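Enquirer: Chains A and B are the protein sequences, given in the same order. Start counting the first sequence at -3; every next residue gets the next number (the numbering used here). Start counting the second sequence at -3; every next residue gets the next number (the numbering used here).
Calculated directly from the structure, the hints in this document are not laboratory data. These figures come from a predicted structure and were not determined experimentally. Any given hint might turn out to be false.
Copies of the same chain look alike in the list, so a pair counts if it works inside one copy or between any two.
[Claimed, not checked] Okay, derived cross-link-like pairs now, SDA-like style, lysine to any residue, Cα gap no bigger than 25 Å in a straight line:
1. K136 x G340
2. K262 x N194
3. K7 x K272
4. K136 x L114
5. K198 x N403
6. K31 x H330
7. K7 x L421
8. K7 x G276
9. K272 x M109
Each chain, written out:
2 protein chains.
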Amino acid sequence: MDDVLAGMDIKDLSRATIRQCVNTTRELERISGEKFVHLEFGVPGLKAPQIGIDMQKLALDAGIAAVYPPTGGIPEFKWNASAFINAFVGIGISPECVIPTVGSMQACFTLLMECSQLHEGRKAVIYISPGFPSHYLQSKVLGLEARILDIYHCRGKKLRPALEELMADGKACAIVYSNPNNPTWACLTEEELKIVGNLCTKYDIIALEDMAYMCMDFRRDRSVPFSPPYQPTVGRYTDNFALMVSASKIFSYAGERIGFAAISPKLYEREYPALKERYGISRFGDNFVLTFIYINSSGCSRSAQNAMSEMMEASVSGKYDFVDELREYARRAHRAKEIFYKHGFNLVYDKDLDQDVSDGFFFTIGYEGMPGSALLYDLMRCGICAITLTATRSDQQGIRVCVSMLNSDKDFEALDERLGLFVKLQSEVSE
Amino acid sequence: MDDVLAGMDIKDLSRATIRQCVNTTRELERISGEKFVHLEFGVPGLKAPQIGIDMQKLALDAGIAAVYPPTGGIPEFKWNASAFINAFVGIGISPECVIPTVGSMQACFTLLMECSQLHEGRKAVIYISPGFPSHYLQSKVLGLEARILDIYHCRGKKLRPALEELMADGKACAIVYSNPNNPTWACLTEEELKIVGNLCTKYDIIALEDMAYMCMDFRRDRSVPFSPPYQPTVGRYTDNFALMVSASKIFSYAGERIGFAAISPKLYEREYPALKERYGISRFGDNFVLTFIYINSSGCSRSAQNAMSEMMEASVSGKYDFVDELREYARRAHRAKEIFYKHGFNLVYDKDLDQDVSDGFFFTIGYEGMPGSALLYDLMRCGICAITLTATRSDQQGIRVCVSMLNSDKDFEALDERLGLFVKLQSEVSE
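With the rest of the complex left out, here is chain A (with noise of 0.2 Å):
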């Protein structure tokens, strides 16, 4: 195992990214021709919606690969994710402030290089950490200082004090996070999402939410459109917001890189002097589909629009429940939990103020205080595969676990198995 490290160039497997920890254990699957329990990858394991698949077909069939998609998105898509975000998330977005994106991925990167380019002079960007490891990249890709908080030691009132702090300075044009999170699975009260909004109003930051998990605290029932309990967002805080949306997880439908930025109404229309300098256009939206998303991609794929467009418009009108479809992941964490809490594993972030954090798509996990590259270097020997905390910028001793490939009876009685195997080398190395 060490030559393999040493032959990916893995000097510190605490800082290793998921693609590395995936190709080491490929190659160890090769050498050892055994297969290792994969809990790294943060992959849809369910299968796509029928209905969306027979859309983007119909589509197809219906002419619309030759034509252009408008750069800020088919009218029935707009139509129907603003009607989804009013049915899901309980509030207001005009169809015009609605805008789909390839992916969430790059809702964010065009949101991020706009934020930054607001006000002269402001270009650091405030994480809720740990969080999801490509959302710190992009702010180094761009030249933007990435200020981290780890939510782990400022839950509920402690975390205003502790994002005035990185505020205060007016440097910061935006703040980004997950919510649930990624990979704590920890979801922001409606206290601490009033608190974030307050803030960014106060401070003039844009709150850049990514609800890539949406509806996926299965604590309480969210599966039912236009009644509450709603998907819990800053949006109702603050008018300096951007919701970001993707297909990938909560259809199932990561393979065509489809989703949206839905852009608060207040935001969309406001002006700003900086961009009608520099590109001639003074609102924020418009600059947002003529400037930003077009010279980026030129808008995204006409038929994933239209496949995304019927599965929110299926599940708008009650014909199509996705929450429910999703409690698959709930009831894996569930039992690789429990799994894990028979060996003697602790959750690592375990609570929301005094709930405990919903099962989902990921959890985080410890062992007695073990490093977490000491802790992922004994469970790959033993054939597991993860990432530590480390990599999603917790200062928290763990690994992060996604439930989405543990698809069988099988998959669970290996990691059962396995975790035995570590156990048993904890005790023999402390003897």
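Given chain A, work out where chain B should sit, using these hints.
Expert: Positioned in the frame of chain A, the structure of chain B alone reads:
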């Protein structure tokens, strides 16, 4: 008309973007109840090939929508794109070095970003103009300096000193141009491409060669795979290059936003200390995939990759003659030019050295030395829409004509009739 222009916030018609011209025309059509002759859109005017559509539907049926595409592209796409380049451009680029992108727009944007981060302090981009307006906007978004070289003044041997003047200070990192050129349909000759290539090597500048209109210089038959004459390319004269190919025009597949970057293998392998320091990855190609494409969109539509892959395979094996399909544009251009000539117009960019430019997707038209904005204004009064050469960063006077919307005899008759009105208007004015 003046009211409509004022309402659209258009003060200088010569600088109006395509979108602004379209919106103005739409409003004028609404008011007058009469349809314009549309010469402004650069959209495909042909149907998407059935083989592409069929393969895309097959891929969707196979369940690919649920699975993230590999960031570097699916293997069959990479393989077929490599063969496609070999068959029609006549150079060898291995599949590893070919990466599908969300149209060539994304290819150019991400390549520009990477090129501007290779060396400290090299933030200028040279554009051979006139050109595609969005290309200049990409530089503006990235904060790069655009250096414009109007090809009108420096064809042939004059190209070398003109380019060296822009390169000599060592600040340029890339040169961007389309071949055939949008909007003039001028084609750089092998001699001129050799000059560009030699200078790219001498000054360590990367040529980003836009092949949106690949094989659409119809003066010679470029339709036979693996047979000369090939599409001319700078790739025969330097290792510092990347090709940008789009399915939008050559396969009339603009709706699905699919294309690719084909990076010179030597450039793909080249290690840059600045990249290593910033991203922990040295090689140009690895960074393009794992850093720039990844954080921009995590790859592109998987089903569209299958579609384009199939169309390229069919072209390479001779089952589908994409060049023959596109000859329709040349026929339309020939007929449209004859009508313009009949009414006293002239081609502005008329020659490739001693040869007439090819008939193709675009051409450039002037009238008795009239300034572009006055010409466009009077053409719009007569129900003809286009964009000025000024908007394409040309210093010549005239308009750009795109033939894609001239679909029927009726369209040509309308053009003829309205140019007649225009000539009458001019004689009235001069009386």
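Enquirer: Any of the earlier hints contradicted here, and which numbers?
Expert: 1, 5
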